[in-house]
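From first to last, the protein sequence lines are chains Z and P. Under numbering that gives the first Met the number 0, the residue at position 155 of the first sequence is numbered 154, and the numbers go up by one with no gaps. Under numbering that gives the first Met the number 0, the residue at position 20 of the second sequence is numbered 19, and the numbers go up by one with no gaps.
No lab work stands behind these hints: they were computed from the structure. Don't be surprised by glycine CBs; every beta carbon is placed ideally from N, CA and C. Treat each hint with caution, since some may be false.
Facing chain Z, according to a computed beta carbon distance under 8 angstroms, are these residues of chain P, among others [what the hints assert, rightly or not]:
hint: 1; residue: L3
hint: 2; residue: V17
hint: 3; residue: T20
hint: 4; residue: K21
hint: 5; residue: Q31
hint: 6; residue: Y32
hint: 7; residue: D38
hint: 8; residue: F39
hint: 9; residue: G62
hint: 10; residue: M63
hint: 11; residue: N76
hint: 12; residue: G80
hint: 13; residue: I82
hint: 14; residue: K84
hint: 15; residue: A87
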Amino acid sequence: MLNKSAIGKESKVYSFYVDKTCIKNFAEALEDYNPMYIEDVDNLVRINPLKDPPQLSYGKDYAKKSRFGGIIMPPTFAHNFRAGKWELMIKDAGLELGKLLQGEEHDEYYRVVKAGETIYYKVKLTDIYEKPSPRFGKLEFMIIDVDCWDEKNEPVMKYRQVFVVKP
Amino acid sequence: MMKLKEVFFEDIKEGFEVSLTKGPITRTQIVQYAGASGDFNLMHHDERMAIGQYGEESVFAHGMVSFGFVAQMLTDNFGVGTIRKNMARFSWQVRPGDILTFTGKVVKKYSEGKLKLIDVETQGKNQYDHPTLGGKATLALPSRK
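So that you can see chain Z by itself, here it is in the shape it has in the complex:
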């Protein structure tokens, strides 16, 4: 049983420097060879040993010449903005990590984030609740909300995750 007194608890503010190389690694892991995420698509270094990347040719400095002026952060990169999350779920709410399963993801983006920016974020344990389950009797759920803002204190995005706790 999760500890409902953890509802409303927030982490401290964390920061994440959105780095070009991190973006490249992230895009490569998803095999998303978008030249807005990867500067040198013609010459990827970290290749999946079982699969070569497609030979693409966008030309040099595609991202720099684009309207964004450089490499941008893929929207789902925010998965990296996660410090403090497990502490809230495990230490405060009493979750057994092995029972965690992500049910849903809700992202809202206010603007494109560029490589080189530092993003600040804070994690909140918004809710813990149960729902009847035909299979297990009842299932526990946890809602996590993360707000992200930039160095000028302007919000850039936010995301919500709904987790299911395996019985």
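Position chain P against the provided structure of chain Z, taking the given hints into account.
Chain P alone, transformed into the frame defined by chain Z:
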């Protein structure tokens, strides 16, 4: 020289469909994604823990991997920097060997103030035609006007 797709609001009709096939998912890819996202939850890369301790059949990919694939389908077809909102429900686990087919359908085309928006319903299925993901995204497209 290749160029990314540039799509304008006026070019899209309701009912327009997009798709993307990914996979086969490999353990190496799951490990790459764990490193790239900082999510080292053992159930995704540690087979002995996943099976022995967590009661799983095998390791399985992060739900966010599929979410990343949906985002790729949208940016590949509608352009980067267009997604305003994106949500998904992960309905079935994605395991190594799985081949995923994602589809998106424009269900609504509308304006909100100066923004020209489309709502896209998204779906993911594995090679057994079993749904793995269901979701919806709202994108803001540039206008020719």
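Do the hints match the structure? See the list:
no.: 1; hint: L3; verdict: 7 angstroms, holds
no.: 2; hint: V17; verdict: 15 angstroms, violated
no.: 3; hint: T20; verdict: 11 angstroms, violated
no.: 4; hint: K21; verdict: 7 angstroms, holds
no.: 5; hint: Q31; verdict: 4 angstroms, holds
no.: 6; hint: Y32; verdict: 4 angstroms, holds
no.: 7; hint: D38; verdict: 6 angstroms, holds
no.: 8; hint: F39; verdict: 10 angstroms, violated
no.: 9; hint: G62; verdict: 4 angstroms, holds
no.: 10; hint: M63; verdict: 5 angstroms, holds
no.: 11; hint: N76; verdict: 12 angstroms, violated
no.: 12; hint: G80; verdict: 4 angstroms, holds
no.: 13; hint: I82; verdict: 5 angstroms, holds
no.: 14; hint: K84; verdict: 5 angstroms, holds
no.: 15; hint: A87; verdict: 5 angstroms, holds
Consistency note: the structure conflicts with the earlier hints numbered 2, 3, 8, 11.
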